[in-house]
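Asks: In case you want the letters, here they are:
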Amino acid sequence: MKKILLVEDEKSLSLLYQEELSKEGYEVIIAYDADSAMEKVRSEEFDLIITDIRMPGKDGIELIASIMGLRKDIPIIINTAYQSYKDDFMTWAADAYITKSSSLDELKQTIKKLLKEN
Amino acid sequence: MPELRKEMLTGRWVIISTERSKRPDDFRTPEPVEIKREAAGFCPFCSGNESKTPPEIFSIREDHSLPDQPGWKIRVVPNKFPALQPGPTPPKKLRGIYQWMEGVGVHEVIIETPDHNLEMADLPAEHLAQIIQVYRLRTLSIEEQFHHKYVQIFKNKGKEAGASLSHPHSQIIATPIVPKRIKEEIYGAERLYRNHFRECAFCRMIKEEMASKERLVYLNERFIVLAPFASRFPFEMAIFPLEHSAFFPDITDHDSLYLADALKQALSRLKYQLSNPAYNLIFHQSPNPQLAEKAWPGIGAYFHWHVELLPILTKVAGFELGTGFYINPVPPEVAAEFLKKELPA
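Residue numbers (the working numbering), protein chains in the order written: chain A, 1 to 118; chain B, 1 to 345.
Read the hints as simulated data drawn from the structure, not as lab findings. Everything numeric in this text was worked out from a predicted model, so none of it was measured.
Stretches of chain A that chain B covers, calculated by requiring three or more beta carbons in the stretch to come under 8 angstroms of a beta carbon on chain B:
hint: 1; stretch: 65-72
hint: 2; stretch: 83-93
With a straight-line cut-off of 27 angstroms between C-alpha atoms, the simulated DSS-like cross-links for lysine-lysine are:
hint: 3; chain 1: B; residue 1: Lys264; chain 2: B; residue 2: Lys207
hint: 4; chain 1: A; residue 1: Lys113; chain 2: B; residue 2: Lys52
hint: 5; chain 1: A; residue 1: Lys86; chain 2: B; residue 2: Lys315
The beta-carbon is built from N, C-alpha and C at its ideal position, and this holds for glycine as well.
Excised from the complex, chain B in its bound form:
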């Protein structure tokens, strides 16, 4: 019998389809092929091609090396052809009965390493911790502008996940509105905090998951990796700080190392246990603090930033798009059991 499971924050339901259930080994994907256009040997993110990107905003680079020249380790540049354009606070306008506004915001690209052939999972934890600190610093800088209401940090890896280049990179888009998906999580967290748990719902969930261990994939001193109870996708994972924190930029250098360790563990399990599928890595954080405490008083107590890791192993089709219900053919408990296996040395 399939099971319907409710995601407690957003109220979204998923179908855990045990009858359609596949063995975890069935999800081993063929080795990914390099995106064909790179076969010609050119990549705008590679060291030596800095002139093909807009001037860098930030970088971690060798002493005495110059901006927009080789010698960098991590490089942040504005998107050359951005989804949203920089500019002043746009007013909301009406077109007939419809609301619209100018597409103002921030769109940046973080080039994670000069090495085209590495993947995020291959980077040493210390390097990953530096990428996390770059995310933090860029978020803080972008949030200085009040109208950048939400900062979305994300990574698309692999063509099926929306990546157009295999050179390791992630992106930041800041929007002049707080996205609905984030609002749903905030409202859900507030409701559970006030009406049910009297504590952060995420903290409560972490306690329960640590006690049951059914969906636990990996744990270090500061972070936990879980296969969420109502996972939408096979082998979906989420990473939470064990200590309550609503605002991702509050992460310390010390904790960045622990997040890097948890992230590397999660990514390596996808790479080595599932033969390296495409994935989306998505940070969920509180909106700009200049706005958050006014719009959602007490948000610091009930929201808890986290990271979603969504492997692309199934297709989203008409039913999912029509209903918002997802069908997941791998129970999260089975996924966790499979993912937590020791990695090859």
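The following block holds chain A by itself, in its conformation from the complex:
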């Protein structure tokens, strides 16, 4: 079973994502901020990371930069409500940039593509 780290500060949203992605056959571990996400990346193996950008404390882009300092081989998806971060070239460290919507279809397809499950 592929293991995904979901970094999302909104609890209800993260639980919804966990439920939806679990139905797709993934094990989903939640971190509610960047620091706890980094702890998990240091101590566990993940096949993919999904991260929000706007979070209390370090933002998602800082988190990605920190992950890159540790390892560059885990695919990362930025999942944010904002288009405007596309102007920030640090987002290039991620493999995909998804704007949050009520449908999770794009997110699910992108996960499959990055995990080469198609």
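Got chain A; can you put chain B on it based on the hints?
Replies: Here is chain B on its own, set in the frame of chain A:
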């Protein structure tokens, strides 16, 4: 008494506010801090991180080195998350009374050096000339598509100028319309050519500026650096080819070296005389030649490509946004006098 000055091409007015005038030394900025996210030690533009960018479109690289691998000197890649998407010519559409079209165009990033810690001002003139030639080649390639009507080459340096990474880079965005700002310059240049000067207004201005020397910052055999008469911003500079030329891609290898020299001089003066402020570097060129001669007959005679260098030392606020008037607290003559001082060895 403040002075109102008119920019002759666009008709834009600026207030040269001598009463609010500051001494040039007041604009020395504190040393810029590295954009904090890079402190973690990762940069997608650095050599070794090529897999984090889309596949390169063009590069200048060592013999036998492979695309998308280290060994490059200058690298051009499409923007991973572009402002405009590639695609066929989009038709203009209506939504009620409003016009709109799909966001089709080109968005490329030129990574100017593999060295994260250098700045454009630090690069040898020969390297800058190669960057200029890359701008030229990319413009020519993009303009092969008729619907890429205008190619904007620009550079944001420093957070205040809109840069998100300090690794030296510039960008190209090609749009399916000719921007209003460029149209204003073209119409202004045409009007002055036909009704007043009977010669290119830019060429006329260059002659006057060379004679007066009041706003002259730097001059070489092929290019002039000026503090424009109606500068919007303190220490604003503009670089013009001395020989009339409407189309930037006509620049030769030889002239690229002279433009590189002028650009390095202008950037070094910002860096060393003003303690390295953020800036925007903006090329103004004719629209795609496939369109330009049809839309503006004779444009080759009256338009003159040039480069604007806009240091970010003041804030654009309500008055500027509301009126289009800019308030510049440093008269361009004072700025030129300060900028033309010898650079430290």
